[in-house]
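2 protein chains.
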Amino acid sequence: LISLYDIVCPLHGFHKWMSFLSFFQSTLVNRPALGILPPENFPDKLTESLLSMSPSGMTRVQTMACGSCSNENAFKAMFIWYRNKERGHNTPSEEDLSSCMVNQAPGCPDLSILSFMGAFHGRTMGCLATTHSKAIHKLDVPSFDWPIAPFPRLQYPLEEFSRENAQEEARCLEEVEDLIVKWRQKGKPVAGIVIEPIQAEGGDNHASPDFFKSLRNIARKHGCAFHVDEVQTGGGATGKMWAHEHWGMDDPADIVSFSKKLLTGGYYHRDELQADKPYRIFNTWMGDPSKNLILAEVLNVIRRENLLEEVTRSGKALLNGLYDLQAQYPGMLSRARGQGTFCAIDICDDATRNSILLKARDKGVLLGGCGDRSIRFRPSLVFKEYHVHIFLNIFNEVLAQHK
Amino acid sequence: LISLYDIVCPLHGFHKWMSFLSFFQSTLVNRPALGILPPENFPDKLTESLLSMSPSGMTRVQTMACGSCSNENAFKAMFIWYRNKERGHNTPSEEDLSSCMVNQAPGCPDLSILSFMGAFHGRTMGCLATTHSKAIHKLDVPSFDWPIAPFPRLQYPLEEFSRENAQEEARCLEEVEDLIVKWRQKGKPVAGIVIEPIQAEGGDNHASPDFFKSLRNIARKHGCAFHVDEVQTGGGATGKMWAHEHWGMDDPADIVSFSKKLLTGGYYHRDELQADKPYRIFNTWMGDPSKNLILAEVLNVIRRENLLEEVTRSGKALLNGLYDLQAQYPGMLSRARGQGTFCAIDICDDATRNSILLKARDKGVLLGGCGDRSIRFRPSLVFKEYHVHIFLNIFNEVLAQHK
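Which chain is which? The protein sequence lines are A and B, in order. If you count the first sequence from 1, you need to add 1282 to reach this note's numbering. If you count the second sequence from 1, you need to add 1282 to reach this note's numbering.
It should be emphasised that the hints constitute simulated quantities derived from the structure, not laboratory data. Check before you lean on any hint, since a few could be wrong.
As the list claims (entries may be wrong) - Result set (DSBU-like, lysine-lysine): computed pairs, CA atoms no more than 30 Å apart in a straight line: (1) A:Lys1543 to B:Lys1559; (2) B:Lys1468 to A:Lys1559; (3) B:Lys1468 to A:Lys1470; (4) B:Lys1327 to A:Lys1543; (5) A:Lys1416 to A:Lys1495; (6) B:Lys1416 to A:Lys1416; (7) B:Lys1416 to A:Lys1645; (8) B:Lys1470 to A:Lys1470.
Unchecked claim - DEER-style ranges, computed between Cβ atoms: (9) B:Asp1558 to A:Glu1667: 42 to 52 Å; (10) B:Glu1667 to A:Gly1650: 39 to 49 Å; (11) A:Pro1560 to B:Gln1437: 26 to 36 Å; (12) B:Asp1427 to A:Pro1560: 50 to 60 Å.
What the hints assert, rightly or not - To list a few chain A residues with every Cβ distance to chain B over 10 Å, as calculated: (13) Arg1342; (14) Glu1442; (15) Cys1454; (16) Lys1468; (17) Gly1547; (18) Arg1585; (19) Gly1603; (20) Leu1607.
Values in this document were obtained by computation on a predicted structure and should not be read as measured data. Built from N, CA and C at the ideal position, the CB exists for glycine as well.
Start from the sequences, fold in the hints, and give me the full structure.
Have a look at this one:
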């Protein structure tokens, strides 16, 4: 029994195991209303898990039950922050309080969030207004008139096209500033900018650290909050715990949201993005402590087994293997790209892409599509260099069938 | 160890326990992407848990991670259903597909959800546009221009004011029809009506079965979906598994959403509310199988220990006790009301209410506020008649301090 448990939980010794199990049972069967009645050990568990990996400049975290709720509440935090900034104080007027009850301004103000074409930030109605990757996500659902900027469409390998790519990024940044001005004139000021470090669902689209630094500065210049959505990129797959660490900034964002690999949803934020009153950012569960507990153990394994270094190593091998295959199948493959094992490659057309996905699955390899005709690679963190070679052999066999 | 586990899980016998524990471990540490890779036993677990308590007329359930996500996705299901009904078929036009990518009609249509003043349906941006209970929930968050009808303001005890209450309900129903017509004329047709069987957060406001039957008919007459939000009322506290069972209808709703006591979020729906294509109602987690497993055990206990009968019995004792206290403290208490143990009482003013809440807490009784000056009682399902008497004694002591 203990050895069975050891498979999933790297705790050794019977007493430790007993106490872990007994805490776990209590955590599991008493799903707490975290906002009002958190378990006594909840702050410790947050310190062991999420707060041990806080992004630079952020010491606060708010857990949530899923990725969409994380982004919805991050948006709300930005709206609240922005309105208090406009007011110059935290006290709403009587008109604010009465108009908001019937969905009208000024209580429910015409503020907006600027997002990017190709972005994916979730599927609840606030998030969905910033999602622009596939029509099937958005069709038939009412939305907000919020500004949408172009995301840079770079050429790969990035280092071979630095001049062209810098031009493309400058074009997109200019458009961002134009949109901020235009929407302010329309009476729908941009309270926040939301962006993924790598657009995932939209086709694994990368941008340079310089692009993100400039965007951060534009946000600051225009008084918008800067929200980095790491729901898909966070948790180690890029070779760092957070993809934004590759930008090398001390102050990368005002808000960083997460979910998926972190097992719980939530967002980190700078102090000034803390809501000014209780119950403004709130719901019944606000996450699930059992997931923080599992995350703490996952982090132990990541650290003990140096999994981020492994990811960097196996990511390099994977990307080099993709470059080789791309040279071998120039009519079928293009635009190999990636950071860590967070890699992708384009296929000549959608039909071939889908056939490759199915054939790979039949050989035991689960791949995903993204964008119009990309394949995304999302191995788990224990994917090592020898797994890369096993995978590349299988992938080569599948590609040979499509020659 | 086994006896420790028995406290939380009513499974007997070592082998059963071993297999339960081993499944549980796997469920816990492998949080699945339910929409694409559900565990093999997932359908069985749904049958044992949620599908064993489906509301009348509904054989389908969609799990979600929390109450807000449940309502957001229920709204989306109603919008998708409504638009397909408008089209007369399921095939979107090229204009639908391209306009939705930039948040514009016709792809993102100007549809609305009709809600009620005093309602609470969650805090993400779609849900929040139907929530009208407290300003602090809505302040500073952009919203939709959706119709808001008055919820009946009844006099209690209901049976003593049936004539006045029927008049008040007729007034509200008339307003609902007016709003549906008005919003259709505004070009923002009402795709669905959402309502709680008892408005909880808004002050424990009740309405009669006749009111809900008429509302269901109005929805049908105008081609709107009818969504009953049982996030707070579902799970047994009213003496039935679903509060809408008190209406005695075979076809109470098109959608019933739940969360809280059910441990997982989600919604039941009639067959025609099923989205027409995969990935329209979708997210990474779509709930959490470990919660369904716990729910199955909770349901076993509810059935074995006849907890719904217990709730009905202790609810009667609680309400009678509140009537007695109301007679004893006529200046302080009024409007005692309830169904099962889902009871509430009004306090003369907000300050006294809050003082009572704090004093009760100091005596070990956790009560909640709702509405402007109500106290809501939300004991767990194992709250028995003798607990009622313990509670009433403590409550009486606290009230005596405020005389």
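Hint-by-hint comparison with the structure:
1. A:Lys1543 to B:Lys1559: Status holds; Cα separation ~27 Å.
2. B:Lys1468 to A:Lys1559: Answer violated: Lys1468 of chain B to Lys1559 of chain A is near 36 Å, above 30 Å.
3. B:Lys1468 to A:Lys1470: holds (22 Å)
4. B:Lys1327 to A:Lys1543: Holds, at roughly 25 Å.
5. A:Lys1416 to A:Lys1495: It holds: about 28 Å lies between the C-alpha atoms, which stays within 30 Å.
6. B:Lys1416 to A:Lys1416: Violated, at about 36 Å.
7. B:Lys1416 to A:Lys1645: violated (55 Å)
8. B:Lys1470 to A:Lys1470: OK: Lys1470 of chain B and Lys1470 of chain A at ~21 Å, within 30 Å.
9. B:Asp1558 to A:Glu1667: 42 to 52 Å: With Cβ atoms ~45 Å apart, the hint holds.
10. B:Glu1667 to A:Gly1650: 39 to 49 Å: Given a distance of about 56 Å, which is not inside 39 to 49 Å, the answer is violated.
11. A:Pro1560 to B:Gln1437: 26 to 36 Å: Roughly 33 Å apart at Cβ, these two residues keep to the hinted range, so it holds.
12. B:Asp1427 to A:Pro1560: 50 to 60 Å: Because 29 Å falls outside the window, the suggested range is violated.
13. Arg1342: holds (19 Å)
14. Glu1442: holds (31 Å)
15. Cys1454: holds (16 Å)
16. Lys1468: holds (13 Å)
17. Gly1547: With a cut-off of 10 Å, Gly1547 of chain A comes too close to chain B, as the shortest Cβ separation is near 8 Å.
18. Arg1585: holds (18 Å)
19. Gly1603: holds (25 Å)
20. Leu1607: holds (26 Å)
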